[in-house]
Each structure stands twice: as C-alpha cells, then as structure tokens.
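Engineer: Chain by chain, the residues:
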Amino acid sequence: MVAAKLELREVSVTYPSGRQALREVSFSAEAGEFLLIMGPTGSGKSTLALRIMNVIPEVVRCSCGGEVILDGRDTAKQPVHELAARVQLILQNPEAQLFSLTVEDDVFFGLENLALPAEEVSSRADAALRQVGISHLRDRCTHELSGGEQQLTALACALAMQPDMLILDEPLTYLDPASREEFIGVLGRLKMRGKTILCIEHRADGLVELADRVLVLSEGRVVYHERPVVVFGHALEKELGVRVPLCTGAKSESPGRLQDPDWKGPARPGSSDELLIQMKGGGYVYEDGTRGLSAASLDVRAGEFVAVLGGNGTGKSTLAKCLTGLLDLMEGEIRYPWLGSSASDTYSVARSVGYVFQRPEVQLFCGSVREELEFGLRNYMVPKGEMARRVADVAARLHISELLSSHPQTLSRGQKRRVALASVLVLEPRVIILDEPTVGQDSLGLHGMMHLLDGLSRRGTAVMVITHDVALAARYCSRAVVMAGGTVAADGPLPEVLRDDEVLARARLGKCPLPASQGVKEGAG
Amino acid sequence: MGFSNLFRYAHGDSFLHRLDPRVKMLGIIVLSLLVALFGSLWVLLGLWAVSLAAHLSAGIPWAKSKYLFYSYPFLVLVVAVSQGVFFWGEHERVLLTIIDARGSFLGFAIPGVSGLLAKWPGPVGFYQEGFVYGLIQSLRAVTLLTAGLTVALTTHPVAMLFGLRKLWLPYEFCFIVTMAIRFLPQIMDDIKTVLDAQRARGLALRRFGPRDKLRTSQRLLQTVLITTLQRGRDTALAIDIRGFRAYPTRTFARERALRASDLACLIGLLAAAALGVWLALSGHGAPPAYIYR
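Top to bottom, those sequences are chains A and D. So that you can map any letter, position 300 of the first sequence is 464 in the numbering used here, and since no number is skipped, the others follow by simple counting. So that you can map any letter, position 20 of the second sequence is 223 in the numbering used here, and since no number is skipped, the others follow by simple counting.
These are computed hints drawn from the structure, not numbers from a lab. Some clues are possibly wrong.
Covered by chain D, per the in silico footprint, the following chain A stretches (three or more residues, Cβ under 8 Å) [claimed, not checked]:
id: 1; segment: 275 to 287
id: 2; segment: 479 to 491
Calculated Cβ distances over 10 Å to all of chain A for the following chain D residues [as the list claims (entries may be wrong)]:
id: 3; residue: L244
id: 4; residue: R296
id: 5; residue: P326
id: 6; residue: R385
id: 7; residue: L466
Cβ pair distances, simulated, as ranges [as the list claims (entries may be wrong)]:
id: 8; chain 1: D; residue 1: P451; chain 2: A; residue 2: R385; range: 37 to 45 Å
id: 9; chain 1: A; residue 1: E231; chain 2: D; residue 2: A439; range: 22 to 30 Å
id: 10; chain 1: D; residue 1: L259; chain 2: A; residue 2: D303; range: 52 to 60 Å
id: 11; chain 1: A; residue 1: K402; chain 2: D; residue 2: P451; range: 53 to 61 Å
id: 12; chain 1: D; residue 1: P451; chain 2: A; residue 2: D376; range: 34 to 42 Å
id: 13; chain 1: D; residue 1: L387; chain 2: A; residue 2: D492; range: 20 to 28 Å
id: 14; chain 1: A; residue 1: E308; chain 2: D; residue 2: Q433; range: 21 to 29 Å
id: 15; chain 1: D; residue 1: G315; chain 2: A; residue 2: V449; range: 46 to 54 Å
id: 16; chain 1: D; residue 1: A439; chain 2: A; residue 2: D238; range: 21 to 29 Å
id: 17; chain 1: D; residue 1: S274; chain 2: A; residue 2: D492; range: 36 to 44 Å
id: 18; chain 1: A; residue 1: E495; chain 2: D; residue 2: P491; range: 51 to 59 Å
Since this is a predicted model, take the numbers as computed values, not measurements. Glycine included, C-beta positions come from ideal geometry on N, C-alpha and C.
Can you build the whole structure from these sequences, using the hints too?
Structural biologist: Laid out in structure tokens, this is it:
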C-alpha cells in the first residue's frame, strides 16, 4: 500500500462573501502520518479539507492562494475526479454522502465511475466492507442505517477507492462510545498499513493515541503543529476553546477517576422532593413494529441535572419524546403532578417540558431569530410586554442579541444550537431536555451552554441531557439514567452507574474515559 | 407497517426475487395483453389464480401482502355492484328491482319518499349483464394489481432501474430516480421532525384558524426545502469526490446477462402471448354474448 506526502505552502481561501477562512496556512504531513486537526468552530478545518481535495476552488468557487502539493505535484492541476483515485474525503454529514439505495451500491459507485471491470469492483467492495467490519450490512438500505453504520459505510466507500490519503471531517460526531471505539480501531489498522490520515475532530479522546502530530487552527491560521504531548501541554481549552482529550491511553497514565472510591461526581446541591414527571412502565412501539421503549420507569424531580446515557438506538430520544408528550405512551402511564390530572396533551405539557432536538436545523422554522423566540410565546398567548422582556433576557443570556434579526438558517451550527435552546428557554419550562448537545459544538460553545443549564438547575429547573459523551455527563450531572434495549437499564448517582461495567457494555457506552487528571501524559504520540 | 411501506422492496430469495427484472416486466406486459384479450370469467379467474400463485410463491411478508388481500373484496364488490346498477348497455336480466315504477324501494313503499322516487325516469334494477361485466373488469384489475405489486415487492428498485437502463433509459435518469427514492424517506423524516419541533413549542393546529395553519405549512415547507438543499450540496460534493463522470464511460457491476432460468421464462412468456393471441382471434375465451349484444 502506498502512502502520500502532503505539503501546504501559504494556502489562503476567501469565500465569495468576503470571509477569509484560511490565512497563509503552511504545514506538511509525511507519508503514513496520522495528523489530528483541531480548532474551534469556524476556524477553517473543513475548508482546509476541501482545499486539499481541490473541491475548493474547482467545485466551490473561492478566491485561493498558495499551493497544495501532493507527492510533489500541485493539486490545482489535478481535477477532483483524478484526485479521487488517490485522496478520499469523508464529509461531516454521513447521511448526505450515501446516495444509493443499498450499502453495496454506494461502495460500488466510486469504483464504477473509475470504469473498473465488474470483477474488480466486486472484489474491492468485498475487501473494503470486510476491512471496516460491515460485510453483514451489504444489502441493507442506506436510509435504514444508524448514524454509526452510515459513518462506517462512508469509510468503506472511501477505502474501496484504495486512496493513498484519507481525510476525515468529524467522523466520530454521531457515534456512540462503542461504535467510536470500533471506528478508531479501523483507523488504527489503516495507520498500521501505512495510510496517510488527516482527521478533523472536536473530541480527540482515543484519536490522540494514533496521532503522530496535532495541528490546531484558529481563525484560519495554524496555531500549533506539534506532537500531541506538546500541543496538549498548552492551555488549549482556555485559549482557544479546543477540548483537551481526557484520556490518552498512554501506558504511564494514572488510574482513572472511576477507580478512585472517593470520587462522588460533580458537587451539586441536593435535589428537591418536588416530583415533576413520573413515568411507570412506559412502552412505545413505532409504526414499523420497532419497539422504541419498553417498561421504562423514572421520576424527574425539580433541580436535578440528569444524564440520559446510552448508545445509538437504545431508546433515549423515544424516552424524551414520550416525556414531552410528542409520543403517546402505548403502555404504562406518565404523570405531571404539578400540571394536574387533566393536562396531558402535548400543548399543555410542552409549555413546562422543553425539548431541544439533536439537529437544530430542523427545529428552526421562522423567518428571523426574534420570530423563532416569540413562536412558543405566541402559541401560549403571552402578553406582548412580557414577551419582549423574556426574548431580550434569554437572548442576552445566550449571547444571541445581535442575531435577533438574522434568518436562523444562515447561522453557524453552534449559533443555531443556541437559538434552539433559547426558543425553549423563553417558555420558562420546569424541565429541559437537551438531545446531544455536543454535535457540532466546540468546547467554548458546549461548556457555555452547559454552565447556563447548570445555573438553571441550581435554581430549580430539572435538566436532562441526552448524550453519548460520558465525560461531559461526569462533569455536570449528578444522576445518570442509562438506556439499553429501550428500557431504563440503570438509574442512580452517576459515579455508581458509571462503575457498572456490565450496564455500560449493554448500553454500548464502552470503556469509560474518566482519568484522574485532564492533562496528557508523556508517552502519547 | 405504514401504507407508505406497501410498495417498498421485500427482501427475499425466491425464484421471483432472482428472476431478471426485464423478464418480470415482460411478464406484466404479457399478462396485460391476456387480460385485455380475454373476457371469459373462467379464463380471467385462471389468470388471477396464476398471478396470486406467483405472489404467494415469493414469500412476501403478511404485513405487506395484507393490503392486497384487503383490496380484493373492495374492488370486486364496488366494481361489480356499481356496474350491476349503472351498466350502460342492454338490460334484460333483472336480478333485483331496486326502485320500481311506483317508487317502491326494494319492494317496500316508503311514505313520503316513494312519491318522489316514482318521478325517477324509469325503474332502477340490478342487472345480470352489468354484474357480470363488473366481475370481468374487477378480475382484470385484481389480476394486474396482484402481478404489479408482486413485481414491485420482489424487484429491488436499483435492479428495476438498471433493467430499464439496459433497455432504453439513460444512466443519468436512473441515477436521479435512485437518489429521489433514497432521499424521500429522509425528507419525510425531516417533515415529521419540524412538525414535532413546532408541537414541542406549543403549536396545536386545532386551536388555530386557517391563516395560522397556512403560515405553519409555509414555515414547514421553507425549513424542509432549506434542509434538503443543504443536504443536496453535501451530496453533490460527495458525488464529485467519488469521481462521478470522471471518464466518458463507467462500468455497472450489478449488470449481468440473462441466465438459463430467465431465458426459459422469457420463452414461456412469449409462447403464452402468442397462444393467447391465437386463441382470442379464434374466438375462444370471449365474454358472455349477452353483455355485448
């Protein structure tokens, strides 16, 4: 297998809007190197990937400067389809890049475009599917795959092209911890085989062990380009909002926080006795016969900060939809004691149980951010003066006051996420359910949001955070509800729940990455 | 199982699943020809039995087949009964008088109503000619419905499209249709999520008037359109990255030549069509003469 050497010389990219995404970026990656690329949202990471692949400027027209040299040749002189045989790029959104009806057809697609003989197409597809460990998915429809399966399929599509270099743009975003481990395992094997890999990620846990060097971008410039141990020695989180990996996997690493019997989780005031939601034996079956929820029972009390943990497809979002009244339980019962027995329809429940969806882009549907914030208030006939007060207050707290007249769909993903949260907070709900807050967020955005929720919970609001990110949960939440197979597999104080390996395995949460310190030990990379 | 899943491919490994899509399409054409040529109830019953046997042999799950079976009594009753009453032809064999010349309904005089019914231009009956004609038409419909649904459920859409490509469709058309089929469920999911997001912020359409409903629909469409376009942009990039139209020609790994079993079926179908035409032209299998007097 051949690996490619990459060199960038003073590469700049300016979008037609005038935004300069890259500013004189220069670095090189040796053949067979694993380069981890990090940086806050909007720092130019995805633009860099598109520029290396020559998608910018060939497909996406931008003003460009500098040179991208691949194995001694300027990529500007090679059309994208020619480069595709040597370099493969996996984009952020896995479902958008699978456009055939079955996994096999998607893997075939690129190979057929290269006009390879049918036998070679078939044998390369076999090998790629085996390499990624998804041969069993070969005949599955792409739209039926989970986020993790889609991501692995996208990787198989890229590997089938037998590229010398692989560029991955946030490949782990939608993966649960177990799938994440599997995916990182595949990347490890590719590295062993000598592939040059450029991997863009916000969360470097697990990847840092593979990385030879880390490149940190900020505002389109290279800030650091060094070995992981050197780069993570800087105060990245404080300076740039780059999340420092909690676990490096280095052999010298000290025992994890979980092994410390004195670790009791984040310090929080005791929750109140006021019961806000009570679900008993809740069950829900989808139209296609899939069981989303099965005999699930839990209580939610005022002031709690609860982590709802579990892998893909374990019933977390179904639970949230049942709690918010978007889905009517088919089995069991749900009570909202403070609402009274008559109020159980979505309209009555939604005012007090706010739900922030995983994908903010489909939660925003108004013509401006202001309209978006006023939407719920109008539905509940809140008087105009009160409406203006709440909108101004929440917008200021989430730092979106200057965006009030913007169209929500023109915002960055992080900004959309804040607007989506604001549109729920204006209703002053007693329970807030936040579905996977980590998606597309850098460290500053994520922790800003979590601090705000932490403050609300300390003032009596119950907060439930649905996440794959065990480390995030351990930083803020005192209670963990673990979902597995559509039911509540564990519910209790977070440290106790996270020490139960059997439950973690059932819920596809993998090994829990909670080391004693947040620093990176010498030996990594 | 929602109604939207009815026409979705049902995985399987039956003889019909393995049969070349082009042969299956020819089968539909031959069956259409035969049901059009013959009007005899017995011949049509036979053709329906053949299509039903093919359906059952494919091992299609009941969740998908049940809609077909539910449609049988509905189709037969609605078409046969309505034709029995409204058949536009010679009416001689009255099976049942619905309204007679005196305005009685099914033989019963209804005070206040019979007077009005008596003014109806002529009696209304249920005629044998119409009923039999309705049965013939409904048998034709259920036979083609059974065969069409069986082919749709046993043929992967990609195989179907590429079967057509081999016959006459350009590849670009097949590719666009494939993508449309691929992303349709995604768009439906987006619509549902936006509606859920609106409900989660207190939208209860039953509480609002038509203007609010219109505004809500506009917001829904706008968001789904933007999301679809954004996804389309990523998809277009992914297609380019995988070398779409890199060379003047491309290969098609799925394409294969007709196998012996495909060829045998092909010959059998052509022979059935030829035999059917010969029999029909010889006057066999015609509808009862009294219908078309």
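Engineer: Are three or more residues of the segment 275 to 287 of chain A within 8 Å, CB to CB, of chain D?
Structural biologist: holds (count 10)
Engineer: Please check whether the beta-carbon of L466 (chain D) is more than 10 Å away from every beta-carbon in chain A.
Structural biologist: holds, 21 Å
Engineer: Take the C-beta atom of P451 (chain D) and the C-beta atom of D376 (chain A), compute their distance, and say whether it sits inside 34 to 42 Å.
Structural biologist: Holds, since P451 (chain D) and D376 (chain A) (Cβ atoms, about 41 Å apart) stay within the stated range.
Engineer: Run the C-beta distances from R385 (chain D) to all of chain A and say if the shortest one exceeds 10 Å.
Structural biologist: R385 (chain D) is in fact no farther than 10 Å from some Cβ atom of chain A, at 5 Å.
Engineer: Say whether it holds or is violated: R296 (chain D) keeps its Cβ farther than 10 Å from all Cβ of chain A.
Structural biologist: Holds: least Cβ distance 48 Å, greater than 10 Å.
Engineer: Are all beta-carbon distances from P326 (chain D) to chain A longer than 10 Å?
Structural biologist: Answer for P326 (chain D): holds, closest chain A Cβ roughly 49 Å.
Engineer: Taking the CB of G315 (chain D) and the CB of V449 (chain A), does the distance hold inside 46 to 54 Å?
Structural biologist: holds, 52 Å
Engineer: So the hint says 51 to 59 Å: do the beta-carbon atoms of E495 (chain A) and P491 (chain D) match that?
Structural biologist: Given a distance of about 56 Å, which is inside 51 to 59 Å, the answer is holds.
Engineer: Given a hint of 36 to 44 Å, does the C-beta separation of S274 (chain D) and D492 (chain A) actually sit inside it?
Structural biologist: violated, 30 Å
Engineer: Tell me if the beta carbons of L259 (chain D) and D303 (chain A) are separated by a distance inside 52 to 60 Å.
Structural biologist: This hint is violated: roughly 23 Å between Cβ atoms.
Engineer: Do the Cβ positions of L387 (chain D) and D492 (chain A) conform to the proposed distance bound of 20 to 28 Å?
Structural biologist: holds, 26 Å
Engineer: Do E308 (chain A) and Q433 (chain D) keep their Cβ atoms within the hinted range of 21 to 29 Å?
Structural biologist: holds, 22 Å
Hint compliance for this structure: hints 6, 10, 17 are broken, all remaining hints hold.
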